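Chemist: Given next are the chains, with one letter for each unit.
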Amino acid sequence: MTVYFDDITIGDQLPELEKGPVSQTQLVRYSGASGDFNPIHTVPEVAKKVGLDGIIAHGMLIMAFGAQLLTDWAGAGSVRRFKVRFSGMTKPGETIICRAQVTQKLEQNGEALVVGKVTIKGIDDSLKLKGEFTLALPRK
Amino acid sequence: MVDRANMGRAFPRFTYTIERGKLHEFLLAIDDDNPVYQTDDPPMPPTIATVFANWGGMNLEGVLRDIGVEMWNVLHSEQEYQFGLPLHVGDRVTGIATIVDIYDKAGMEFVEIVTVYRNQNGSEVVRDRALLIVRG
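Protein sequences, first through last, are from chains S and W. For the record, in the first sequence the residue sitting at position 15 is 15 according to the numbering used here, with numbers rising by one throughout. For the record, in the second sequence the residue sitting at position 12 is 1012 according to the numbering used here, with numbers rising by one throughout.
Looking at chain S on its own, in the form it has when it is part of the complex (with noise of 0.2 Å):
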């Protein structure tokens, strides 16, 4: 279903997204994936030698989870920023909850823009990242 710009109301709750529970598999299909070798992602032993409890997943992979909250809701060609601060660590077994409210609606270079802010944590509520995103929208 198409999301119009007209429809948009500052305010306005994307639908939730949830992701996970992230696996070990997964995060060695986003090394491959990505190129992203870091071991912490991978490696318990390597993991723990740098002072963590065993592996993290990448921040990456959960930008990704906010970036589909975002082309699930206005399309995969709509995005013209995405931009995210990195909060805590994610750890295999935990599920991911990406959540995202419009804050501002403008017109800019002929586009009609919607501008707001993401914030995905875990389903125990540990915050994972907050982000802001501006989409560009269809015209009724």
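These are calculated hints, taken from the structure and not from any lab test. One or more hints might be untrue.
What the hints assert, rightly or not - Which residues of chain W face chain S? A partial, calculated answer using Cβ under 7 Å:
hint: 1; residue: F1026
hint: 2; residue: P1035
hint: 3; residue: T1039
hint: 4; residue: V1074
hint: 5; residue: H1076
To be verified - Think about it this way: if two alpha-carbon atoms lie no more than 30 Å apart in a straight line, the pair counts; the simulated DSS-like pairs of lysine-lysine are:
hint: 6; chain 1: S; residue 1: K121; chain 2: S; residue 2: K48
hint: 7; chain 1: W; residue 1: K1022; chain 2: S; residue 2: K121
hint: 8; chain 1: S; residue 1: K117; chain 2: S; residue 2: K91
hint: 9; chain 1: W; residue 1: K1022; chain 2: S; residue 2: K105
hint: 10; chain 1: S; residue 1: K121; chain 2: W; residue 2: K1105
hint: 11; chain 1: W; residue 1: K1105; chain 2: S; residue 2: K130
hint: 12; chain 1: S; residue 1: K83; chain 2: W; residue 2: K1022
As the structure is a prediction and not an experimental result, all values here were calculated from the model. Glycine included, each C-beta is placed from N, C-alpha and C at the ideal position.
Once you've looked at the hints, dock chain W against the given chain S.
Modeler: Only chain W this time, still in chain S's reference frame:
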């Protein structure tokens, strides 16, 4: 401490040709089954540029080592993407990474790297800004 003389330093360009198989591998990894990605001319998921960097030969580890920083000692603080023209399967994307800033804040040292990606026609497709924390 990272030498401030590295500010403004650009690294060798790298190139990646977007492959459909790699796109699907990436989508499986992030568990995104949106059918739009199965179409003949699919859009790219927003964080795909990490594939261009890591598989195109940006060599972040080498870039960091050149400025005296070891990869294992770095945390990813912020990541930003700004999108220009749409990307397509088959596009040949060239990236150039530049260290745009090095600074101290709250007792930590930050390194900001901007990578500009252009397609085979020279049009900007993605601007990638990564803010890294170098642990003491």
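Chemist: Taking the hints in turn, state whether each one holds.
Modeler: Here is what the structure says about each hint:
Using the Cβ-Cβ criterion of 7 Å, the hint placing F1026 (chain W) at the interface with chain S is satisfied: the shortest such distance is roughly 4 Å. Annotation: P1035 (chain W) was flagged as interfacial toward chain S, and the flag is violated, the nearest CB pair being 11 Å apart, outside 7 Å. With a cut of 7 Å, the hint placing T1039 (chain W) at the interface with chain S is violated, because the nearest CB-to-CB distance is about 10 Å. Among the interface hints, the one on V1074 (chain W) is violated; its C-beta lies about 9 Å from the nearest C-beta in chain S, farther than the 7 Å criterion.
Because the beta carbon of H1076 (chain W) sits about 5 Å from the nearest beta carbon in chain S, less than 7 Å, this interface hint is met. For the given pair, K121 (chain S) sits about 24 Å from K48 (chain S) by alpha-carbon distance, which is consistent with the 30 Å threshold. For the proposed pair K1022 (chain W) and K121 (chain S), the alpha carbon gap of about 28 Å is at most 30 Å, so the pair holds. Using a Cα cut-off of 30 Å, the hinted pair K117 (chain S) and K91 (chain S) holds, with the two alpha carbons roughly 24 Å apart.
In summary, the hint linking K1022 (chain W) to K105 (chain S) is not supported, as the alpha carbons are separated by about 35 Å, beyond the 30 Å threshold. With a C-alpha separation of about 26 Å, the suggested pair K121 (chain S) and K1105 (chain W) falls inside the 30 Å cut-off, and the hint holds. Pair hint K1105 (chain W) plus K130 (chain S) holds up; C-alpha atoms about 20 Å apart against a cutoff of 30 Å. Distance restraint check for K83 (chain S) and K1022 (chain W): the Cα-Cα separation of roughly 24 Å lies within the 30 Å cut-off, and the hinted pair is therefore satisfied.
Hints 2, 3, 4 and 9 from the list above are not met by this structure, while the remaining hints are.
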